[in-house]
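**Student:** Model the full assembly from the supplied sequences, consistent with the hints where possible.
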Amino acid sequence: MTVSVDELVNMAVSGGIDERTALAALKGEIDPFTVLKAAHEARLKIVGEHVTFVVNRNINFTNVCVNRCRFCAFRRDPDDPDAYRMSPEEVGRRAAEARDAGATEVCVQGGLHPEATFEYYLEMLEEIKSQAPDVHIHGLSPMEVKYCQKLSGEPLEEVLRELKRAGLDSMPGTAAEILSDDVRERLCPDKLSTEEWERVIRTAHSLGIPTTSTMMYGHVDSPGDWIEHMRLLRSIQEDTGGFTEFVPLSFVHKNAPIYREGAARPGVDGMTDALVHAVARLYFGPLIPNIQVSWVKLGMKLAQLVLNAGANDLGGTLMEENISREAGSTEGESVSVSEMVEVIREAGFTPVQRSTLYEPLKVYD
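To get the numbering used here, take the position in the sequence shown, counting from 1, and add 750.
No lab work stands behind these hints: they were computed from the structure.
DSS-like, lysine-lysine: derived pairs with alpha carbons at most 30 Å apart:
1. K914 with K900
2. K1112 with K1051
3. K1112 with K787
4. K1051 with K1004
5. K900 with K879
Simulated restraints on C-beta separations:
6. P828 with R770: 46 to 52 Å
7. R770 with S1084: 39 to 45 Å
8. S764 with E865: 50 to 56 Å
9. K900 with T990: 23 to 29 Å
10. K900 with D830: 22 to 28 Å
11. E847 with H800: 24 to 30 Å
12. E847 with E907: 31 to 37 Å
13. L957 with P1016: 36 to 42 Å
Every residue gets a Cβ at the ideal spot worked out from N, C-alpha and C, and that includes glycine.
**Tutor:** And the structure:
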């Protein structure tokens, strides 16, 4: 397919390229450098030249999980020697530590512990707000919310209302992986279905709980699956406007059970990583204006390239990161604010510290 940079940019800023063009770009049927250049120019038109980041801390409150997702190297059984579950007080203490270190957000996620109760989740949120009342709680994936519903026996809407009352400010749109049930059956058969994921997200948005959106790619999926996934996200965003960002997550294969069994690819190459982000920029257009690149998954050098190929956000400082590390990532668990600023400047952009909801907090001119 022959298409110019200007044509791609015009389509992107006018609402997004169509699925046929997006699929052709992902398959390499359009010159890749044309796609990357167009994504960069579209990004400049949609969000400008700033690159944002958030000062946050990851708190993975347990690694014990009743599910056995085939890509997850983080989960443990309850009797494993390195299994753990934090008390609500411990989670609150870590949130207070993060606040004292300058964090504006804690990202709170964990496994589905067989002995957890719905009250445990509520107490954890309340404890964070008690010890660090001004910290934004970005927590609980749709899978965790579905688990809370199972534990409580209450309707989904009421579960989300109670979580919000306890302190939940926004949710990560994780547990999405690939929103195709054929792929999910091979990758994470214990997890909630595509329809269930969508229901949790739409309900959260209807209650004023914004979420991110994510896609984990490079395992048992294909470019066609990526388009199917992004089509659903675009449909949700058109209806609710509740997604704050889209975060492509490159599969970290090294310790993933499905890879060690020989049933998955070892991720994708760097050009494909760049193209996934670029196509997301062109496909979502102004509808999802913020495209994040995960430095934990790609490393800082490739992330800098992707910032010049459509992405405008570098994610969080994290302070600690366990899930990618367990999967075999060697890109580090945290980064300082000064390192974030330096990396963004080296990539040719103005760094801006933001809130979880993309309010600018500090511009590093």
